[in-house]
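Peer 1: Sequence:
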Amino acid sequence: MLDTYGRKYVDPLIEKVAVFFIKLKFTANTITKIAFFTGIFSGVLAYFQKELLAVAVLWLSGLLDAVDGQVARCQKNTTAWGTLMDITFDRIVELSVIIGLGLRFPDSRIYLLFLSSTIIISMTIFLTVGALSEKKGMKSFYYQAGVMERTEGFILFSFMIVFNQWLNIITLIYAALVLFTAVQRLCEAKELLDK
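Numbers in the numbering used here are just positions in the sequence shown, counted from 1, shifted up by 54.
Here are the simulated DSSO-like cross-link-like pairs (lysine-lysine), alpha carbons at most 30 Å apart as the crow flies:
hint : residue 1 : residue 2
1    : 130       : 62
2    : 130       : 87
3    : 62        : 79
4    : 77        : 62
Worth flagging that the hints you see were computed from the coordinates, not collected in a lab.
Please model the entire structure based on the sequences and the hints provided.
Peer 2: Next comes the structure, spelled out in C-alpha cells:
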C-alpha cells in the first residue's frame, strides 16, 4: 500500500541517488546485486544480535532496490532479466531475515515458517497475475497493489528484529496481513482475468 500510494514522496530521493549512480557509470543490474548482498547481510546481522545495524542495512538495501529500477528507466534499459533478478533477490533478502531470526530464536521457527508460507502464496498470486495480465505498469509487468507491499514488509521485519521479545506476535500479524493481501489480490485477479 505504501509503495503504491507513498512512492511519490520518496521519488525525489530515489531520483537523486539514481543520478549519483548514473554519474558513477553503474548499471541497474549492478545496483540490483549491491542491494541483494546488502540485504542478505541484514539477516546475518540479525542473527548476531546487531539489531539496529541489521535494520539500517535492510533499509539501505530497500533504497538501492528502488534505485535500480529508476536507473534502468533513466538509461532506457529495462530488461526482463533485470526484473527477474530484482524479484528473485527481493525474496532471498526476505528469507535471509527470516532464516537469521529462525536460527537465533528456535522457539519462533513455526511462526516464521507460517510467515514464509503466506509470502509464497501471496507472491505466487502476484507473479501469476502479473504474467497473465495484459496490463502493464511502471514496472515491466502488471503490479497489483495490496495492503502488504515491500515497505510494509520492511517495517514489520524491522519490528521483528528490534522488538524480538514479541517476535511471535509480530510474525503472526505480518503473516495475517500477507494472507489478507493474497486474498485481496486473488479477488482482484478473478475480476481482471475472468473476462
